[in-house]
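Student: Chains A and B, in that order, are what the protein sequence lines are. Numbers 1 to 300, taken from the working numbering, label the letters of the first sequence in order. Numbers 1 to 558, taken from the working numbering, label the letters of the second sequence in order.
None of these hints come from the bench; they were simulated from the model. Treat the hints with caution; some may be incorrect.
Here are the simulated DSSO-like pairs of lysine-lysine, each with C-alpha atoms no more than 27 Å apart in a straight line [stated by the list, open to error]: (1) A/LYS46 x B/LYS334; (2) B/LYS242 x B/LYS187; (3) B/LYS341 x B/LYS317; (4) A/LYS142 x B/LYS402; (5) B/LYS121 x A/LYS227; (6) B/LYS176 x B/LYS395; (7) B/LYS121 x B/LYS361; (8) B/LYS317 x B/LYS59; (9) B/LYS488 x B/LYS317; (10) B/LYS176 x B/LYS101; (11) B/LYS420 x B/LYS121; (12) B/LYS59 x B/LYS299; (13) B/LYS290 x B/LYS516; (14) B/LYS341 x B/LYS255; (15) A/LYS142 x B/LYS508; (16) B/LYS93 x B/LYS334; (17) A/LYS46 x B/LYS233; (18) B/LYS361 x B/LYS233; (19) B/LYS233 x B/LYS101; (20) B/LYS101 x B/LYS432; (21) B/LYS508 x B/LYS176; (22) A/LYS46 x B/LYS338; (23) B/LYS361 x A/LYS46; (24) B/LYS317 x B/LYS52; (25) B/LYS334 x B/LYS242; (26) B/LYS516 x A/LYS142; (27) B/LYS314 x B/LYS299; (28) B/LYS396 x A/LYS142; (29) B/LYS432 x A/LYS142; (30) B/LYS52 x B/LYS66; (31) B/LYS314 x A/LYS227; (32) B/LYS59 x B/LYS187; (33) B/LYS516 x A/LYS227; (34) B/LYS314 x B/LYS341; (35) B/LYS121 x A/LYS142; (36) B/LYS52 x B/LYS242; (37) B/LYS93 x B/LYS395; (38) B/LYS242 x B/LYS400; (39) B/LYS317 x B/LYS101; (40) A/LYS46 x B/LYS508.
Since the model is a prediction, treat every value here as computed from it, not as a measurement.
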Amino acid sequence: MSTHNAWEERPTLVGRLGKGGTLVLLVLVVLFPMWSVVVTSLASRKTIDAAGGMVVIPREFDPSAYLSIFSGGTVTQALWVSTVVTIGGTAVSLVLTTFAAYGLSRPGTLWHRPLLFVFLLTFLIAPGLVPTYLVVTGLGLKDSLWSLILPSAVSAFNLVVMRAFFMGVPTELVDAARIDGASEWGILFRIVLPLSKAVVAVVGLFYAVGYWNAYFNSVLYLDSSDKWPIQRILQGYILGGQSPAVTGNVPINLPGVTAYPPSLAVKMAVVVVTVVPALVIYPFVQRHFTKGVMLGAVKG
Amino acid sequence: MEPPLAEASADRRRFLGMLGLGAAAVLGGPALAACSRRPGGTGSATGADAIKAVLPAQKPMNPLAKPDIDGVGIIPDGYLRYPSTLVDQITEKPGRGGTYKAIAPWWGPTPPALGDNEYVKAVNADLGATVDTSQQDGSTYSDKLSALMGGRDVPDILVAPNWEVGKISRFADGVKALFEDLTDHLKGDAAARYPNLASFPTSAWEYSVWGGRLAAVPFPVDGPFAWLLYYRKDLVDAAGRKAPTNIDEFYRFGKEMTNASAGVWAFGSVFSIVQSMYRCAGSSESGWRKKSGGGLEFKYETPEYRAAVEFTAKLFKDGLVHPDVVASKGADEKQLFKGGKIIVYQDGGGAWRGMQSEQLKVLPTFNMQPMPLFGVGGDPVLHGTERPIFWTFIKKGTPKDKVEEILRILNWCAAPLGTKEWELREYGVEGKHFTRGPDGSPAPTELGRKEIGSQFRFLTGPIPSVVQTADVPNYVQDLLGYSNSHIKFLEKDIFAGLKLELPANYAKLNTPTEDKILDILRGRRPISDLDVVVKEWRAGGGDEGRAFLEKALSDNGR
């Protein structure tokens, strides 16, 4: 008689091969498009034409697409803008969200129910395009990078996530700190926040990815192209050479637009440049991400 | 005409807004959610007489270079080679040192901003003024326009594409409140001060009148046909076939060219052109025609339309349409056509040159051509419009001398082919932005491609012309050959010269009704359902639209 339980038995070879094969397939499904994007960005025009579009098998290493996009200065400038907005915006958002969530998580805070209700209301009712525009321009944010940060500085969703996490911090700890003479600020900074690193990391990641990918606010509020974020520049490259006749079947001819579409290699190089920062940062935050999800799962 | 994707994207935005979740909603949600838009009101019409009274007197300009192929009517003239000598047309600097902010749409990589852009500096130096054009993403331009106009925050010069203004609620009211009235500057002989603008066709100006006043400078259209039916002549020749010359041959052609086992189908979308073959009423894109007994009837209500639906449904039923097109409204027919997976499909005139040029590099035998059209029981009825591509507005409250300066700048931007101004505007500075080929034609350099966008090209267009380029040999002959032989089939617009803002109920009916008809074509609903669809259309606002348009016509004695 076996000493193992049935579920501890070693799976059959077929089972293992099946699982392994499925996993490899899934990984390939994810990696294949990325591979093709990278290879195409490094391919010459000739290789791209021969492949009839996206290249799969690398034939040479041609960095001219990267040299081309970085030589004009717009991509470099936009990357800089996006970095500033992402770092600055995430910092502003985290500070505001943490304070608001902590305040709303403590019972007995002044007007905490009506305030929470107002926050939750934004789930259901979104302000209109023109009213938002009027507020942003009225505050003098037009053509300023703050217009990419302040209108979206606090997300009700992230606030609710953080508040729920703060409410899970044992009241005993808070009470003990209070008995030891800690102020509300002391409790927040010395007790609650150190225990909430996971949620801060997760919410910070949400915000950072949001700011990095943000596009529409820059369409509305920024006229000077030297302040545009990378996603806005990317959009231009991807749409490059596609007049409305191409994108929307509006049946017109538009002189000049279709004359010099950027090559596919250039388009793909911009995709790589845009995606790489997120890929690089994600592994560092991911361990908090997993921890955040698992925290408390086996308490007891 | 609304791009088919517009509806879907508005729905997506509403959906995201409702959810209020996820990264998209975190940052773009509230603003995006507000983008669902509603044309307002019961409609308004400006009469033809009121419009005629404010139009500039047209003074056609003698072409600076003699065209090789004359365009008939509004078809642009064709040039087989670049003009050998260029005229310095505008000798006095149009600018007086003013600084102006402009906003225009652009579809392409963002050129460097004013300070870092040699092209913009060169043009501004020639203008004697500083024009700083913000080139906004063309695919979201209506959102930008809504925000600018709703927020009463328009720039000195604003360019609005004709297909976007219909999406802006109360656009006519906005024009009155936000933009300068140009009537006194351009009416009648006053336009002679701006000779390039005065050479624009009167039809382009007719569409630039709002509320009986001239409110914008038009960008004249360069091709009147709404749709062309493209076919892969290289593949058809290789198969030993010829383009069909009547509707029965067209069906047989479909049968013969379809080879499903090889992954090739004869047709992509062809319904708009089939309507033209069946002589459906279109009256440009409006779809109305006069009934013999008086009043108007819409194309849905005519036997010609029913016949076109039945024929197209048969193409679908008999498996002659590519399955991707059968399955989805958003199939990438261009890609299928390039790859030879479909042989025939309809597209705008703008698709031709770019695709031919791009594909010749991949397949030297690639040859797409517009199929010569035929009618069933008479000549085909082609739909098209002379409506300008863009309108250029000037901000209200701009002092008179500044308005004149801007108009002189626009006059510079409208300099025709054969002038130094045209070359500078189109290609930049020789040696920097372009080099000259052996035939004298400019070829853009890397810097030229990078720096030149819509900064000055879209502010207003010149009288259109087509010049041959080495990358697409024979294009000018092919385009002019087709256009000149088909312009006679272009239907006369019964509403020409009237300015119509359609009632909201009627305007919003188009897309849902067309979707229902698409279901009938694809065999998802029986053809007999057409009666139900027409009934729903009439009740939903079709009859309201008819009453409005009949009144507009009778008010103008038509």
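Student: Hint by hint, say whether it matches the structure.
Tutor: Results of checking the hints against the structure:
1. A/LYS46 x B/LYS334: holds (21 Å)
2. B/LYS242 x B/LYS187: violated (52 Å)
3. B/LYS341 x B/LYS317: holds (18 Å)
4. A/LYS142 x B/LYS402: holds (25 Å)
5. B/LYS121 x A/LYS227: holds (20 Å)
6. B/LYS176 x B/LYS395: Status holds; Cα separation ~10 Å.
7. B/LYS121 x B/LYS361: Status violated; Cα separation ~34 Å.
8. B/LYS317 x B/LYS59: Measuring from Cα to Cα gives roughly 54 Å; hence the hint is violated.
9. B/LYS488 x B/LYS317: violated (33 Å)
10. B/LYS176 x B/LYS101: Holds: B/LYS176 and B/LYS101 sit about 20 Å apart, inside 27 Å.
11. B/LYS420 x B/LYS121: Roughly 16 Å between the alpha carbons, so the hint for B/LYS420 and B/LYS121 holds.
12. B/LYS59 x B/LYS299: violated (38 Å)
13. B/LYS290 x B/LYS516: The given pair, whose Cα atoms are some 25 Å apart, holds under the 27 Å limit.
14. B/LYS341 x B/LYS255: Between B/LYS341 and B/LYS255 the Cα gap is close to 14 Å, so the pair holds against 27 Å.
15. A/LYS142 x B/LYS508: This hinted pair is violated, its Cα atoms lying about 33 Å apart.
16. B/LYS93 x B/LYS334: violated (45 Å)
17. A/LYS46 x B/LYS233: Since the Cα atoms of A/LYS46 and B/LYS233 sit roughly 25 Å apart, the hinted pair holds (cutoff 27 Å).
18. B/LYS361 x B/LYS233: holds (17 Å)
19. B/LYS233 x B/LYS101: Violated. B/LYS233 to B/LYS101 sits at ~47 Å, over the 27 Å cutoff.
20. B/LYS101 x B/LYS432: This hinted pair holds, its Cα atoms lying about 25 Å apart.
21. B/LYS508 x B/LYS176: Cα-Cα ~24 Å, so holds.
22. A/LYS46 x B/LYS338: Holds, at roughly 18 Å.
23. B/LYS361 x A/LYS46: Between B/LYS361 and A/LYS46 the Cα gap is close to 9 Å, so the pair holds against 27 Å.
24. B/LYS317 x B/LYS52: violated (50 Å)
25. B/LYS334 x B/LYS242: holds (22 Å)
26. B/LYS516 x A/LYS142: violated (43 Å)
27. B/LYS314 x B/LYS299: holds (20 Å)
28. B/LYS396 x A/LYS142: The given pair, whose Cα atoms are some 20 Å apart, holds under the 27 Å limit.
29. B/LYS432 x A/LYS142: violated (34 Å)
30. B/LYS52 x B/LYS66: violated (31 Å)
31. B/LYS314 x A/LYS227: violated (54 Å)
32. B/LYS59 x B/LYS187: Holds: B/LYS59 and B/LYS187 sit about 13 Å apart, inside 27 Å.
33. B/LYS516 x A/LYS227: violated (44 Å)
34. B/LYS314 x B/LYS341: Satisfied, since the Cα-Cα distance of roughly 20 Å is no more than 27 Å.
35. B/LYS121 x A/LYS142: Holds - the C-alpha atoms of A/LYS142 and B/LYS121 are around 25 Å apart, at most 27 Å.
36. B/LYS52 x B/LYS242: Since the Cα atoms of B/LYS52 and B/LYS242 sit roughly 47 Å apart, the hinted pair is violated (cutoff 27 Å).
37. B/LYS93 x B/LYS395: Holds: B/LYS93 and B/LYS395 sit about 22 Å apart, inside 27 Å.
38. B/LYS242 x B/LYS400: violated (61 Å)
39. B/LYS317 x B/LYS101: violated (55 Å)
40. A/LYS46 x B/LYS508: violated (47 Å)
Of the numbered hints stated above, those contradicted by the structure are hints 2, 7, 8, 9, 12, 15, 16, 19, 24, 26, 29, 30, 31, 33, 36, 38, 39, 40, listed in ascending order.
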